[in-house]
Amino acid sequence: MYDRSAKLAAKGVVIEYWLQRSRSLFTAVKGVDLEVRPGELLAIVGPSGCGKTTFLNAVDGLIPIAGGSLTLDGREIRSPGRDRAMVFQQPGLLPWRTVLGNVIFGVEAQGSMTKTQAIARARQQIELVGLKGFEDAYPLELSGGMQQRVNLARALLTDPEMLLLDEPFAALDAQTREMMQLELLKIWSQTRKTALFITHDIKEAIYLADRVIVFTRRPGRVKNVVDIKLSRPRDLRVKRDPQFLTYEDEIWESIQEELAVPAERLIAGVPAA
Amino acid sequence: MYDRSAKLAAKGVVIEYWLQRSRSLFTAVKGVDLEVRPGELLAIVGPSGCGKTTFLNAVDGLIPIAGGSLTLDGREIRSPGRDRAMVFQQPGLLPWRTVLGNVIFGVEAQGSMTKTQAIARARQQIELVGLKGFEDAYPLELSGGMQQRVNLARALLTDPEMLLLDEPFAALDAQTREMMQLELLKIWSQTRKTALFITHDIKEAIYLADRVIVFTRRPGRVKNVVDIKLSRPRDLRVKRDPQFLTYEDEIWESIQEELAVPAERLIAGVPAA
Amino acid sequence: GGGGAGGPVATTTASQAAASASPTARPCCTKVVAAYSNISADDWIPWYAFEKGIFKDNGLEVDLQSINGGTQTSAALLGGSIQIGQFGGAEALSANAGGADLVVVANLAPVYPYKLYVQKGIKTVADLKGKTIGVSNAGGSSDIATRAALKNAGLDPDKDVLIQAVGSHANRTLNLLNGTIDAGVDDPPEDLELVKAGLTPLIDLASQKLPAANTGVIMQRSYLNANKDTVQAYVDSLVIARAKMKADKPGAVAVLGKYFKLDNQDALNAAYDFFMNEVTQAYPAVEVGQFKDAVEILGPKNPNIKTVDISKMIDTTFVKSAQDRKLGG
Amino acid sequence: MSIQSWEPAAPTTTLDRPPARERRSVVKPGRFKQYEPVVIGTLSVVIALAAWQIVANARIYSILFVPGPWDVAQAFVKLFQTGDIWLDIGTSGAEIGIGYGMAVVAGLALGLLMGWYTRFQYALDPFVNFFYSTPRIVLIPLFILWFGIEMQPKIAVIFLGALFPIIINTMAGVRNTEAALLRVARSFGAPDALIFRRVVLPGSVPFILTGFRLGVGHALTGVVVGELIAAKHGVGQLIAIAGQTFQTPKMLAGVILIAGTGMLLTTIIQRVENRFQSWRPQIR
Amino acid sequence: MSIQSWEPAAPTTTLDRPPARERRSVVKPGRFKQYEPVVIGTLSVVIALAAWQIVANARIYSILFVPGPWDVAQAFVKLFQTGDIWLDIGTSGAEIGIGYGMAVVAGLALGLLMGWYTRFQYALDPFVNFFYSTPRIVLIPLFILWFGIEMQPKIAVIFLGALFPIIINTMAGVRNTEAALLRVARSFGAPDALIFRRVVLPGSVPFILTGFRLGVGHALTGVVVGELIAAKHGVGQLIAIAGQTFQTPKMLAGVILIAGTGMLLTTIIQRVENRFQSWRPQIR
Ligand SMILES: Nc1ncnc2c1ncn2[C@@H]1O[C@H](COP(=O)(O)OP(=O)(O)OP(=O)(O)O)[C@@H](O)[C@H]1O
Ligand SMILES: Nc1ncnc2c1ncn2[C@@H]1O[C@H](COP(=O)(O)OP(=O)(O)OP(=O)(O)O)[C@@H](O)[C@H]1O
Ligand SMILES: [Mg+2]
Ligand SMILES: [Mg+2]
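Sequence lines, in order, name chains A, B, C, D and E.
Be aware that the first sequence starts at 2, since it is given in the numbering used here, and climbs by one per residue.
Be aware that the second sequence starts at 2, since it is given in the numbering used here, and climbs by one per residue.
Be aware that the third sequence starts at 3, since it is given in the numbering used here, and climbs by one per residue.
Be aware that the fourth sequence starts at 141, since it is given in the numbering used here, and climbs by one per residue.
Be aware that the fifth sequence starts at 141, since it is given in the numbering used here, and climbs by one per residue.
Worth flagging that the hints you see were computed from the coordinates, not collected in a lab.
Be careful, since some hints might not be right.
Claimed, not checked - As a list, the in silico PhoX-like pairs of lysine-lysine whose alpha-carbon atoms are at most 25 Å apart:
no., chain 1, residue 1, chain 2, residue 2
1, D, Lys218, C, Lys248
2, C, Lys230, C, Lys314
3, C, Lys230, C, Lys122
4, A, Lys224, B, Lys133
5, A, Lys133, B, Lys133
6, E, Lys372, C, Lys303
7, C, Lys303, C, Lys328
Using the sequences and the accompanying hints, generate a full structural model.
Have a look at this one:
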């Protein structure tokens, strides 16, 4: 579908954490090979603790890689940049700022808008994520899902070339989640941003992504790449498409082998569709 | 199915937060009526920010109610007690304690076991949630899903009469999640604990629960109670049962009307099964 | 450094000078910043000279400061924020041993202006054996006075008694009142409290006329060499002031009362008698012999004391000149 | 209601023990709660004063050592009957204002830099530790030498006193900034200056204001110690002279003036802190 | 590597700028990093000493006030050639040990109680603020009255000095305990004592140890101020006598002894803090 050269290229990426106490290195990610084409929406799934967040942090430039190469537009990633924005797994809101203040924090950090402009756009964004009326609430007064939506709005407001999303909808109820998915698809189809999307929901991955990457268990590697050849625009009905179910089974099988919990503990081994 | 009198009874429960800045009361939950029978596994679903966590906190005795009555075994709930244990939506681990230290924190707080006993059981529990090898890691060195599993293990170790679970599996991948669900069912079927379970995953709710309670949007009330008449023990195949799908549609429809995001924003209004 | 004349005090000086309009006034005025290091009757003469406009009469505009302690006053001298200081000869000796070049031109208290007060029950000098005697600071004036008095009375201050530093003049008095020390030197008018509490003076050091350099008029040599006229005028003022005080008891007592913020006339009168008759002299001459005790007592603890040539550290010419002109009446 | 009895985030309370199953009333934090700090504080002070008066009246110790609160109050009133006191207050106030102000600025700057740039901390740590443990009293002759005997040496004493607690606390605050928030800020490419102002600084507020509070104490004792040097006016000088001339009630009146100022400034700092912490779910 | 250049949680570094696309090496925190604090600290001290020596040699000020480091070093050596110094150190050490030890115990207890029970805080706050702003120097006559002139009044000065920063910082630490953790503890029905020991106390460690650190400074200046009162032996007395008799190098040698002790104690406290904070992803 895409012929242009890769937007993001990971070659044999190794990421290690230094454990001061035991004075040893802990390998979280070992040899990730991956290419993301410009404008592609890529989903990553994999067992808990396999290194997905770690890899995404490296793409954002927050942590250094210990081996291999990780390039964005052909340049090594060395630090965070305006061209990427991250939706964090844990919301990471400034507790002393209101919802509005937190949503504008991203653009404020980038210095890419005037304050009035930022506030006006932030209000729209807040409405979009269903938090109208909570502009002046503080994070500790929000429910978990509401905090997550602030986190999402903050990243979206910066309007980056590449979106990095770390389980952005995990704390949302099924309905709000579908809305947000649609919202994301709308933004993506209008602007053709490149997006890297971590999720635990296989359906969500298939529904949204051009390709789904399956990570092995820790230390994480790419185990499997599933090309999702469902036509776009997709609506919610696509989830009942037989092709969709095939993808789901394939990915399911693939992760199955990488379980965090010993496999013999599975009482009934049949995956639900 | 159950004839005995209620374990937990909520009658017109109102919960309010005092907002110091605006010197006003914020009503989070308004008039919840609910009965939980002993040994029942009850799931609560509802839109993000509708007051589920707030209600569960009140059941745990962490926050006072402003109206109505909330009784456990016929006695007003006034404070937390050993008979209940909570799995928090945000893990709330002590950052200066290792995984092992955090898992035993619950029983340590209750003073219900000797230290050696607690450690021995905690090790089993840690293995059960798939964290073997991470006993000595600190929370900040864990992935989101791993933290959530520590949170779960901590509550399970206290072996309470009543389990309160606030989206315990939200940060887990699909497979680990199913394992944990099975684990929970196993524990529940062996000990017949009463359990109150908040989730965003409607399938999960139906699969696990005896009844599913749907909350309205904020201020939360019980909108709908769905009796799940699927035979037990259930295995994963039950998720493809036509009855299961009927329940799913019913609950979906029910929450649909309570959306946090304006409904007109739904591009394709058909829910996925 | 900030040696400029302070506002309110300088204004007072000017108005008083105008009031006393002396015919002998020289062209006004040379500015001098002077300081005293203690609220003690030793400094009575400069206070009187200042209050009564005598400095002004002699062509000096004196900014009289209060600084706490000899060390601080030396620092102010050496830093140039004051030109003349009134503090203990012992401190000046130590300073010179440490490398300073200070000169003493006059000695306002050529004897120890103290009485040794003792607790009830101590009747004779012999009773002091084994007792604790309080001084302000080791190496300070009160320490030297106490040790000199004990030696003079035949006791070895290092062996026969325990000398205890208690920090300050006020602490010394408090400790005497409180009974934590058995004896200590004190002087009027502060000793009033002791008398009230029933303590008695065992030795009157002043009447023994032991030579001492208790309160010197001190400056840097460089200043002295460059401002001989000013120094002479300053010494002249002090001599004149002493003479006037002798004739003006009410005035002198009023000045002391002002600086002590005290209105107990008995105490003030007692102080007047003590200082006029026993302590001060018409001409505040400084002599080598007045430093003997200090050298003996400080020497063992500070090897540099030996290196100071006392005769070069004092300058007797100014007092002598005043005496020649019979300014002291 | 104290911090441990209920979840701090939810101060909606219920009237005490209504008959079970009956409808509980919703009460806002009661009228009394609001004034509780003042009421309890005043009460305990009154009790302490009464106890002091009783001890003083018993006259176990002379008035010279233990004057009663009544004596001190009289001295206090007398103090304000002469106009001089305003000059004293003005002088000391100016010294504190300048010295403490400078300490706040310099301490904040140094503390932030030392907390942020570890190398900077390594370089300055020995000096901070050294000078913080050095009794300022021994430095006074040096100050006189360098700054003379006017206001400057006193300002220097006050400045040095207040500086170090502010540095040390600010540094600790910066070092304890939550890593997750730093990561977010860095992810959005925030320049250092912005991370500083928008994340580190607000996150360190409780630490920094505790430092300010400690600094106030140092500044006030500094003014007393400093004015012992050489002073014409000033509350410290007033205390020193009263002490030397055995006017203990007057001395204590001066001490109360100083300590009262300390209480006032502390209260202001606490107010500021409460303002900065209004996002925290109410604890009281 | 300073705190702002990379994510603190992941100090695995890469060698500087290898040719792009080539395999980067994995390096553990370099040998140098480990010694960085010591190396930089030593360097900056050496530079400062050199600058001091140059200024001293220039003899702008008399040796009386600004002796060079060499003079001080000589005086320091001489100090240790007489046996008396051990008596001084022993005396002051005992005073500090007792006074500071008591302050740690009392300050911790009061700080925790005041942080935990708001009413207790309301009741004691006025006194803490009052006494913290009261110059200890004016209380000395009272201490002599009550405690005599032996070790007790000095211990009292040290105790009072170290007490308040410990109280104030501990209190601030308790008040800043994370609400979420308190909620968890309460949910499991932890009794107050356990919440205290297991949640509040460990959570306040950075605050409390900062308080201890500030307390060390107060204790050390306290011993000097205290020994001005009345003393036979002690490093403070040594400093006082040397200062009054213009033996400035000797005085500074004494000051260095005091400040050196301060640096030692601070280092120990920082070690303890690092131990307690080992769960924090490494920042350095
Ligand atoms: N700061 C850290 N220091 C040390 N080890 C860490 C750190 N952060 C993560 N790890 C380890 O790295 C591994 C991968 O963590 P990561 O957060 O990338 O997992 P993940 O795939 O995002 O998992 P999840 O789906 O549960 O969020 C885990 O085993 C974790 O223990
Ligand atoms: N401490 C608090 N102070 C004030 N308001 C609060 C507080 N905690 C929660 N709220 C408000 O109460 C409402 C319900 O919050 P709650 O956390 O119970 O929602 P929830 O149903 O658990 O949502 P989610 O599914 O997103 O976790 C929200 O609107 C929230 O803003
Ligand atoms: Mg993750
Ligand atoms: Mg919730």
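Hints versus structure:
1. D:Lys218 - C:Lys248: With Cα atoms ~35 Å apart, D:Lys218 and C:Lys248 exceed 25 Å; violated.
2. C:Lys230 - C:Lys314: Distance of about 16 Å is within 25 Å: holds.
3. C:Lys230 - C:Lys122: violated, 51 Å
4. A:Lys224 - B:Lys133: holds, 23 Å
5. A:Lys133 - B:Lys133: Distance ~44 Å between A:Lys133 and B:Lys133 Cα, so the pair is violated.
6. E:Lys372 - C:Lys303: holds, 15 Å
7. C:Lys303 - C:Lys328: violated, 42 Å
Comparing the model with each numbered hint stated earlier shows that hints 1, 3, 5, 7 do not hold.
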